[in-house]
Amino acid sequence: MKTLRDVLFDEFHKLPVQEKGAYMKDGGRLFHVLYAQQFNRASLDELGTLATNIRFIAKSEKGMRFLQDLLPHKRAMLYFTQPSTRTFLSFFAACQILGIRIGEVRDRSVSSELKGESQEDSVRTFSSYFDLIIMRSEIGGLAERMAWLLSNTDRPVPIINAGSGKDQHPTQSLLDIYTLQRSFEKRGGIDGKKIVFVGDLARGRTVRSLAQLLTNYQDVEQVFVAPPELQIGEDIRLMLEAAGVTFHVTSDFAAVIPEADAIYMTRIQDEWDQVKGESARINTSSFCFGLEQLKHLRGDAVLLHPFPRRNEIDPAVDRDPRAVYWRQMRNGMWIRSALIASLCNVVDEIWNYSG
Amino acid sequence: MKTLRDVLFDEFHKLPVQEKGAYMKDGGRLFHVLYAQQFNRASLDELGTLATNIRFIAKSEKGMRFLQDLLPHKRAMLYFTQPSTRTFLSFFAACQILGIRIGEVRDRSVSSELKGESQEDSVRTFSSYFDLIIMRSEIGGLAERMAWLLSNTDRPVPIINAGSGKDQHPTQSLLDIYTLQRSFEKRGGIDGKKIVFVGDLARGRTVRSLAQLLTNYQDVEQVFVAPPELQIGEDIRLMLEAAGVTFHVTSDFAAVIPEADAIYMTRIQDEWDQVKGESARINTSSFCFGLEQLKHLRGDAVLLHPFPRRNEIDPAVDRDPRAVYWRQMRNGMWIRSALIASLCNVVDEIWNYSG
Amino acid sequence: MKTLRDVLFDEFHKLPVQEKGAYMKDGGRLFHVLYAQQFNRASLDELGTLATNIRFIAKSEKGMRFLQDLLPHKRAMLYFTQPSTRTFLSFFAACQILGIRIGEVRDRSVSSELKGESQEDSVRTFSSYFDLIIMRSEIGGLAERMAWLLSNTDRPVPIINAGSGKDQHPTQSLLDIYTLQRSFEKRGGIDGKKIVFVGDLARGRTVRSLAQLLTNYQDVEQVFVAPPELQIGEDIRLMLEAAGVTFHVTSDFAAVIPEADAIYMTRIQDEWDQVKGESARINTSSFCFGLEQLKHLRGDAVLLHPFPRRNEIDPAVDRDPRAVYWRQMRNGMWIRSALIASLCNVVDEIWNYSG
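Going line by line, the protein sequences match chains A, B and C.
The opening position of the first sequence corresponds to residue 1 in the numbering used here, with each subsequent residue numbered one higher.
The opening position of the second sequence corresponds to residue 1 in the numbering used here, with each subsequent residue numbered one higher.
The opening position of the third sequence corresponds to residue 1 in the numbering used here, with each subsequent residue numbered one higher.
Among the hints, a few may not be true.
Note: identical chains are not told apart, hence a pair may lie in one copy or across any two.
[As the list claims (entries may be wrong)] Calculated lysine-lysine pairs in the DSBU-like style (CA-CA distance at most 35 Å, straight line):
no.	residue 1	residue 2
1	Lys115	Lys62
2	Lys276	Lys59
3	Lys115	Lys194
4	Lys59	Lys115
Please keep in mind that the hints were generated in silico from the structure rather than gathered at the bench.
Working from the sequences, and respecting the hints, build out all of it.
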């Protein structure tokens with residue numbers, strides 16, 4: 001049977017060369033995690049099951065000690081030059097859960113980039129001292145460029161893209177899928193559900209990646225709710241059309257709430273404003289979720305948010321059981337643990353663990 | 001017999017509701033360390049004995065390996081948004097001694113607070129990925145507010161207050177008490193001693209907390225030596241009166257030195273100046289300790305300082321055996337190890353250790 | 001037979017007192033690593049062999065687990081107030097390889113130096129909580145001053161100088177020697193080779209330290225290639241003359257390339273400019289190495305660079321097998337592991353390891 005590594009490898013090879021950015025070494029046994037498109041339905045299912053398995057093992061002290069003895073001989077570099085709390089800390093915690101030792105570079109003012117070093121040389125330096133590089137950058141395509149660079153050296157190490165520019169944030173969409181899998185566990189899974197995206201859909205890379213991953217599921221309907229200036233991009237619409245997915249674009253949030261199986265709220269991403277303050281001029285007050293909206297939400301629907309949040313969701317909503325965004329956040333730690341365990345070849349040990 | 005956890009729990013419940021800020025879960029088995037007032041004499045004695053025990057175990061390699069195998073399955077977040085060296089590093093070292101894995105957030109410029117996230121959401125995020133939060137903030141009452149917040153979620157984790165605003169710094173006063181316990185070990189303990197506080201008593205939270213904790217001891221006399229503008233607050237005076245403690249307020253340092261059992265020096269805390277430079281205008285030259293003052297100090301007295309120091313103590317005094325402030329600093333690591341071991345329920349393992 | 005520790009101890013004691021800066025405790029069993037001059041040929045050879053041993057052990061998971069179980073009971077402070085990537089990360093990785101737990105202080109804005117604390121008090125604080133201090137500073141002589149300070153306290157801990165001002169960077173020269181040892185392994189070692197230094201020789205402390213260490217070898221010829229303003233200092237020339245070493249000073253790089261056994265390229269160190277921009281006015285275009293220069297390099301010669309690089313070496317050269325600077329970088333991790341293992345007395349365990 002195919003392992004998760006095999007599936008990732010195959011999917012990666014199906015990508016057109018210009019999207020691939022990096023080739024495989026060692027007969028495909030080494031790979032980078034760069035795009036959401038590398039994951040198909042089978043690998044998403046397997047990754048989710050693995051995450052759940054790790055989550056249950058971690059509940060006992062004995063289980064935690066087992067997990068931490070899996071990869072103490074590995075070292076990971078967290079290279080995060082873009083501000084981040086959740087992605088950073090959940091990768092950090094995932095590494096700790098698996099016993100991986102961590103180094104980090106977050107602040108360029110203490111590094112040699114100050115002395116005129118290129119990012120290529122910086123990343124190659126990390127690969128000299130670490131076994132895995134997890135990187136986040138405000139520069140689109142940087143993770144791919146570095147994966148390509150490393151694959152052409154004597155010491156390639158896997159790169160995990162933890163967010164690059166506005167284009168991709170694959171592990172965020174993996175945790176979103178995992179949260180949907182768990183939320184619809186008793187309702188037949190993600191197939192056939194109506195997923196509603198709300199907020200800054202033009203610039204939120206989490207929505208873009210998740211919309212793509214959802215095309216792996218049957219009969220999922222996607223609804224994009226935003227003011228016109230912040231609507232989902234033409235490229236995603238064309239991708240959905242090509243995939244034969246039913247989707248709608250609207251600015252009428254109230255009309256959509258009662259039909260939704262899942263509502264995915266997002267923040268206005270004003271750090272990407274071309275002109276300072278341009279998104280502050282857009283009226284986004286009708287794209288928020290409070291106690292009033294909660295009244296119209298179905299009893300078995302769920303509310304997600306990738307965080308950080310501002311005023312899109314009233315904290316008064318937090319205690320409602322349909323608000324799953326805090327669980328979603330913690331899911332990030334489990335799915336990232338599963339992903340790293342898979343990259344580092346300790347999946348069998350986890351399946352074989354008996355508490 | 002009551003354990004340290006039981007005592008802390010009981011003491012906490014005796015506080016008036018408005019001072020408590022957080023309630024206990026799981027029948028009192030989970031708690032936060034927020035105020036010096038949570039500790040009574042019995043818990044101070046037990047904590048000191050536990051710290052000494054850990055200190056002796058740590059002397060051998062075998063002992064260190066034993067300690068580090070106590071809590072490798074736990075992860076602690078050190079959330080320090082206020083500059084700190086000693087408190088941070090001694091908590092850091094205490095976690096390492098017990099095998100706890102550490103994450104840290106110190107610089108908000110790399111976190112999502114930049115993107116408009118509330119501190120409540122930040123702390124709740126930490127609780128998603130970590131088992132213990134140790135926090136220091138320049139905002140008074142913040143640790144309590146966060147303890148209250150977490151106690152009302154599905155995933156409460158203990159909070160240790162590592163300094164909040166000008167009001168409280170409970171673990172500093174624990175290490176001060178531990179240093180006094182050790183210093184007076186052969187002189188019948190802290191009871192009956194004369195303790196002299198010198199310097200910026202108005203704004204030094206370490207003095208405020210220690211003055212309160214000393215009310216747990218019999219016949220301790222407290223003397224507050226400062227220029228009038230920096231004298232100890234009215235609230236502390238009222239507290240001492242209510243507790244029936246003998247205390248004096250003076251600006252004549254020289255007169256007090258020969259009678260002191262312990263002198264607790266402090267730095268001018270000009271970071272709290274309302275108007276820049278206001279404390280620089282106060283003449284503090286007669287509130288310093290040098291070789292001249294050392295001549296008048298009793299042979300069995302001790303000199304403490306919470307550090308950092310400026311010119312309050314001449315480094316030439318450091319080599320005198322009565323200068324115990326470097327030992328006091330290292331005591332911080334041991335008492336914090338004891339506190340965390342107690343919170344994480346591994347006290348019995350430590351008592352039962354046989355080298 | 002003398003151990004590496006014995007040799008380091010002896011060499012250190014041969015230094016004139018004013019160069020020593022710190023004395024030994026415990027019959028010489030404790031020491032600091034402050035100067036390249038502490039190492040003689042025997043200790044360089046032994047250190048290199050130990051590094052190679054560690055490197056081979058680390059190739060297997062079993063070996064890595066063995067190494068990481070050597071020093072889990074030790075804690076190291078990395079006190080780096082000068083920007084650094086490679087030195088910091090390779091020390092960091094070396095500590096992780098040996099299982100040492102790490103604390104770090106890099107940014108003074110989160111430390112108590114903000115509150116007016118002296119560097120002496122800061123370093124003494126680190127010694128209270130850690131077992132080893134690895135420090136890098138832009139201040140010349142600081143590591144020696146701190147070693148002296150600690151050696152006069154009740155809790156001396158070893159200090160490793162990871163770069164101080166313009167004067168010394170001993171572990172960099174150790175990794176350079178190790179790289180030369182490996183490069184000339186099949187050519188009879190370093191003896192009799194011609195080593196060419198190129199670039200900013202006036203201010204590059206790596207060149208200064210390496211030039212001194214090379215005097216331990218027989219018949220090594222040293223060539224210094226630089227524009228006149230950036231030539232090697234008078235002090236190094238006098239040192240080489242006194243040691244009877246053949247050396248040349250020139251600005252004609254092209255003439256030297258075909259005769260070189262090793263070319264050591266360096267970057268213009270403009271962070272030391274007295275007047276901003278002064279080194280930018282120097283024409284350094286003929287002190288770069290590209291594909292054209294590669295044509296003239298001997299087949300068995302090697303090209304080194306301490307990194308970071310700017311334009312001194314064209315990245316197109318990287319794939320040539322004679323470009324050993326990426327291996328040199330990784331050697332830093334191995335030689336530092338060997339040095340720390342030696343300081344912490346676990347060398348015998350490493351020699352006795354059988355995979």
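Verification of the hints:
no.: 1; hint: Lys115 to Lys62; verdict: neither (47 Å within a copy, 39 Å between copies)
no.: 2; hint: Lys276 to Lys59; verdict: neither (46 Å within a copy, 52 Å between copies)
no.: 3; hint: Lys115 to Lys194; verdict: between (52 Å within a copy, 29 Å between copies)
no.: 4; hint: Lys59 to Lys115; verdict: between (46 Å within a copy, 33 Å between copies)
Violation of the numbered hints given earlier is confined to hints 1 and 2; the remaining hints are satisfied by the structure.
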